[in-house]
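J.: Listed below are the residues making up each chain.
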Amino acid sequence: MKKESLKEEILNQLKKFQNEIKEVKDLKSLDELKIKYLGRKSFLGEISNYFKELTIEERKEIGKIFNEVKNKIEELYQKTKNQIEEKINFDFYHPGLEINFSTLTLISSNFKKITDIFSQLGFLVFDSPLIVSEYENFDSLNIPEYHPARDMWDTIWLKEPKKYLFRTHTSSFQVNFLKKYRPPVRGIVPGKVFRFEATDARHDFEFYQIEGISVSKLSNFSHLRYIFEKFFEKYFEKKVELRFRPSYFPFTEPSIEVDISCVICNKSGCPVCKYTGWLEVAGAGMIHPFVLKEANIDSKQFQGYAFGTGLERLIMLKYKINDIRILHSPDLKANEVSS
Amino acid sequence: MKFRVKDLKNYFKDKNLNWEKVSEVLTMKAFETVYNDGILDVDILPNRFSDAGSIIGISQEISALLEKKLNLPKIKIKENNKKITNYVKVLNKTKKATHYFGRVILNVKNSQSPQWLKEFVEFYGLNSVNLIVDLANFVMFEYGAPLHVFDLDKIKNKKIIVREAKPNEVFISLDEKEYKLKGGEILITDEEKILALAGIKGSKFAEVDLNTKNIFIEAAVFDSGTIYKTSKSLNLKTEASYRFERKVIPQRTLMALERISSLIYDLAGGEILKGKIFIGTIEKPKPITVDLERMKNFLGIEIKNEIILKYLKNLRIKIIKKEKEKIVILPPEDRIDLKNEEDIFEEILRFYGVDNVLQSFEPAYHESYLDENIELNYRIKNILKELGFSEVYYYNFINDKDLENFKDLLEEKNFVSALNPISENYKYFEFSLLPNLLKSFRSNQKNFKNLKLFRIEKIAFLENKNIKEKYSLCFGVSSKDKIQSLKEIKTAFNYLKNKLNIKDDEEFIELKNNFSSIAAKILVDNKKIGIIGVINNKIKELYDLDFEIAFLELDLEELKRLVNSFKEFIYWGDYPEIIRDLSFFVNKEINTKSVLKTLIKEKINNLKEIKILDIYFPENYDNKKSITLRFVFQNQKRTLKEEEVDQEIEKIVNILTKNFKAQIR
Numbered sequence: 001m002k003k004e005s006l007k008e009e010i011l012n013q014l015k016k017f018q019n020e021i022k023e024v025k026d027l028k029s030l031d032e033l034k035i036k037y038l039g040r041k042s043f044l045g046e047i048s049n050y051f052k053e054l055t056i057e058e059r060k061e062i063g064k065i066f067n068e069v070k071n072k073i074e075e076l077y078q079k080t081k082n083q084i085e086e087k088i089n090f091d092f093y094h095p096g097l098e099i100n101f102s103t104l105t106l107i108s109s110n111f112k113k114i115t116d117i118f119s120q121l122g123f124l125v126f127d128s129p130l131i132v133s134e135y136e137n138f139d140s141l142n143i144p145e146y147h148p149a150r151d152m153w154d155t156i157w158l159k160e161p162k163k164y165l166f167r168t169h170t171s172s173f174q175v176n177f178l179k180k181y182r183p184p185v186r187g188i189v190p191g192k193v194f195r196f197e198a199t200d201a202r203h204d205f206e207f208y209q210i211e212g213i214s215v216s217k218l219s220n221f222s223h224l225r226y227i228f229e230k231f232f233e234k235y236f237e238k239k240v241e242l243r244f245r246p247s248y249f250p251f252t253e254p255s256i257e258v259d260i261s262c263v264i265c266n267k268s269g270c271p272v273c274k275y276t277g278w279l280e281v282a283g284a285g286m287i288h289p290f291v292l293k294e295a296n297i298d299s300k301q302f303q304g305y306a307f308g309t310g311l312e313r314l315i316m317l318k319y320k321i322n323d324i325r326i327l328h329s330p331d332l333k334a335n336e337v338s339s
Numbered sequence: 001m002k003f004r005v006k007d008l009k010n011y012f013k014d015k016n017l018n019w020e021k022v023s024e025v026l027t028m029k030a031f032e033t034v035y036n037d038g039i040l041d042v043d044i045l046p047n048r049f050s051d052a053g054s055i056i057g058i059s060q061e062i063s064a065l066l067e068k069k070l071n072l073p074k075i076k077i078k079e080n081n082k083k084i085t086n087y088v089k090v091l092n093k094t095k096k097a098t099h100y101f102g103r104v105i106l107n108v109k110n111s112q113s114p115q116w117l118k119e120f121v122e123f124y125g126l127n128s129v130n131l132i133v134d135l136a137n138f139v140m141f142e143y144g145a146p147l148h149v150f151d152l153d154k155i156k157n158k159k160i161i162v163r164e165a166k167p168n169e170v171f172i173s174l175d176e177k178e179y180k181l182k183g184g185e186i187l188i189t190d191e192e193k194i195l196a197l198a199g200i201k202g203s204k205f206a207e208v209d210l211n212t213k214n215i216f217i218e219a220a221v222f223d224s225g226t227i228y229k230t231s232k233s234l235n236l237k238t239e240a241s242y243r244f245e246r247k248v249i250p251q252r253t254l255m256a257l258e259r260i261s262s263l264i265y266d267l268a269g270g271e272i273l274k275g276k277i278f279i280g281t282i283e284k285p286k287p288i289t290v291d292l293e294r295m296k297n298f299l300g301i302e303i304k305n306e307i308i309l310k311y312l313k314n315l316r317i318k319i320i321k322k323e324k325e326k327i328v329i330l331p332p333e334d335r336i337d338l339k340n341e342e343d344i345f346e347e348i349l350r351f352y353g354v355d356n357v358l359q360s361f362e363p364a365y366h367e368s369y370l371d372e373n374i375e376l377n378y379r380i381k382n383i384l385k386e387l388g389f390s391e392v393y394y395y396n397f398i399n400d401k402d403l404e405n406f407k408d409l410l411e412e413k414n415f416v417s418a419l420n421p422i423s424e425n426y427k428y429f430e431f432s433l434l435p436n437l438l439k440s441f442r443s444n445q446k447n448f449k450n451l452k453l454f455r456i457e458k459i460a461f462l463e464n465k466n467i468k469e470k471y472s473l474c475f476g477v478s479s480k481d482k483i484q485s486l487k488e489i490k491t492a493f494n495y496l497k498n499k500l501n502i503k504d505d506e507e508f509i510e511l512k513n514n515f516s517s518i519a520a521k522i523l524v525d526n527k528k529i530g531i532i533g534v535i536n537n538k539i540k541e542l543y544d545l546d547f548e549i550a551f552l553e554l555d556l557e558e559l560k561r562l563v564n565s566f567k568e569f570i571y572w573g574d575y576p577e578i579i580r581d582l583s584f585f586v587n588k589e590i591n592t593k594s595v596l597k598t599l600i601k602e603k604i605n606n607l608k609e610i611k612i613l614d615i616y617f618p619e620n621y622d623n624k625k626s627i628t629l630r631f632v633f634q635n636q637k638r639t640l641k642e643e644e645v646d647q648e649i650e651k652i653v654n655i656l657t658k659n660f661k662a663q664i665r
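Residue numbers (the working numbering), protein chains in the order written: chain A, 1 to 339; chain S, 1 to 665.
Same shape as in the complex, but just chain A (with noise of 0.2 Å):
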């Protein structure tokens, strides 16, 4: 072969290989392309035998355009080698692995989220006995025996020791509370509470409450209604409406009823609010002078009011659970939206 058909002969390759690389797909296949071009019994690889019928100065010429060749198709094979290498097939909808996410329950990242709220608006957050004295549960909040008054809470005695039970409300911390932290105070009692009561999905015989105290010199209404304005907005986590009415304690006087517009239907009218647009959430009051007597507070001197309100109801509200035997259940299920 004459110099300058070998010369083209080489570049031709050089052009077929680049041609048929295009269509590997795998590193069998890379490589018997490589082979094809570049093994001993290959056009290249015999390129030697053609060199005879050369001058010294055309094997030169010839000798660099070949190594020029063969280098071009060793990197193009690497090249080719390496991006059959990295490929890799995923589908990004691939779900991942199963692993059991660890939860708390709904109650206790509530529960959580309540006294962290209460702690902002400048509230001390106590703790207290689930089980109390009858004087701690009724006659130190003005309920005496045999008044109808106590018929509201339906009551878990103790076996022993008696005139015990497991406290019907965390009011039974009120009298205690305010013997301990003197006044000006202001507190949160978080905690369960235990009634005497069929269970439907809207009742338990446990749950919980949440207790709110103030005692000061100026303590009232007004501040007790800009305590709930930030605390239900907070909780909810948009503006709610709020709207006082009249009720009866015997430990609070004025007692009131407090609702919010309706978080599920914002007062459009729903089954969960009876289509009234309103919930009935919390009670409270300006604290009778009977239990500021009970802890030894001059009456005339300090006021205060006291709030009482539910937890699970908050959070059914919150979440829309509509039984609270969900939020009360061992299943791991019951925790799945709870943060």
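In case anyone wonders, no lab produced these hints; they're calculated from the structure.
Glycine included, every Cβ here is placed at the ideal spot set by N, Cα and C.
Just to be clear, a hint being listed does not mean it is correct.
Said to hold, decoys possible - One side only, chain A facing chain S, incomplete, derived with CB under 8 Å:
| hint | residue |
| --- | --- |
| 1 | 71 |
| 2 | 73 |
| 3 | 158 |
What the hints assert, rightly or not - Under the rule of at most 27 Å between Cα atoms (straight-line distance), these lysine-lysine pairs were calculated in the BS3-like manner:
| hint | chain 1 | residue 1 | chain 2 | residue 2 |
| --- | --- | --- | --- | --- |
| 4 | A | 112 | S | 232 |
| 5 | S | 232 | S | 407 |
| 6 | S | 407 | A | 333 |
| 7 | S | 232 | A | 163 |
| 8 | A | 79 | A | 7 |
| 9 | A | 15 | A | 87 |
| 10 | S | 458 | A | 179 |
| 11 | A | 25 | A | 15 |
| 12 | S | 118 | S | 158 |
| 13 | S | 82 | S | 180 |
| 14 | A | 113 | S | 82 |
| 15 | A | 162 | S | 180 |
| 16 | A | 318 | S | 381 |
Since the structure of chain A is already known, use the hints to place chain S on it.
T.: Below, chain S without anything else, positioned relative to chain A:
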């Protein structure tokens, strides 16, 4: 209480009241009310039932709130000149009958009730009996004062004795049910028979029937507490008992007596005898001093004094003295709930509108504080969550089966039981969270594998008859293999300790109990802080558990003392560590902790740390266990040489062989 608007209408001069509006105003200023289809459903508050729980009572409230004039019944009594005292004698032997009034009407002509009266009593929830009985009920709903009419001719010697029951006396009611009395109940009797269980129910003995000619009308007030107690213990609730429990106003009772007498006279004829039985004194309302300045601060409202005075007038409250901001007032006779200054504040606030109070900000008086138990609970919950544990809710009560199987956990203490448990499943308060944690595993084992669950709750027990409550933490791991589950629970324990910055110096003392394959109590400074173990096959079966469950229960009161909020930093050092692991066999009875303690006491140069890497029980050596320890050597000033460490290891080997007959592997 439900009212028919067609009844209420008769008590107002204005015949065109807007009842929708009435209902709205009542809701916002008195009682939650729903108006529907001619019926006003008013949720009268318990302290107001005595004055407002009647047709006249609620009308009075509406009249005051909407400034509408009342149209009250005009009562005229035409007495004849026969003296009542010649026809009936009443002897009151108990203070529990605070007021006893009565009238006698002779020669009445009883009959069936007219249609309007039948419909009336039926709407208010009673059966129509006859004209006289129905009229008594009519007046009860009208004035809120229960009345009782007796057939005078059936009363022995026409002598009524009001007295307290003796223990075990038996009362037979109108519907011929027998009630055994405890003693102390109030009875209306004659010399032979019990005529009525006062304030609750009558008997057959002096019942008014269609043949009755001469009647004695009882209008009385009985002690509210006694009626409440009696009604509750006999489980006998009536319209009358409901009212007496909530206190009946003597003035209203007296009015009701006159009202029924005139109604019977008009509808059943007869002769009303001259005079009436009048036992008891009617107390005048006591004056209350009201500080209007204090009121404004107490309620958080701005209100003009003239408005306050208008509200008071509407409420029929008399002002008997006025000095600048201080007034002395007299409540109306039928508002026995108005006793102190704050009660008057409430009335003003209601009329002002409690919903009209504007919000204002009161600064805090102290820095914030979170109860340390609650704070620790939050910390632990987050740590366990980090570690893949989930919290579960369970009720705080356990049943007989739980008590039987886990009573070892009580140790010397006693459990707390409910006198009236909500059900067989919830009889005792938890003294350990473990039984109910196991039930939570059962609830979840179908849906989740390798469960890691925990609970933090209060437990309670009796210690020398005193109640002791404290927080407990119980967590568990499920696995196919007992050893595996124990290893996992140990991992979690170590992690928790580390995150709570608790020092590593607990001891495990193995113990036997009814529910574990193997268990140990955990001691720190010789104080028990908890129990660790894995449940045995019997419990697995009894609680329907599909997996092995290792558990750890910690006394958070004890743990709290060991917790630190942070640890001081220790620099890792400039020179490399040399690590040597040493495995050896010792007799399985040897306490691993004592091996460590012995080594720590010895002077071993440059030893920075000893860690237990592994402990296992080889199958071929019955009485041996294998311990692998890791020794970390480091010098703070220079790089250690291997030979130096070799020497120390030799020292360690000698100590182990000498003290524990260890065979180095």
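J.: Honestly, which of those hints from before does the structure not fit?
T.: 1, 2, 4, 5, 6, 12, 13, 14
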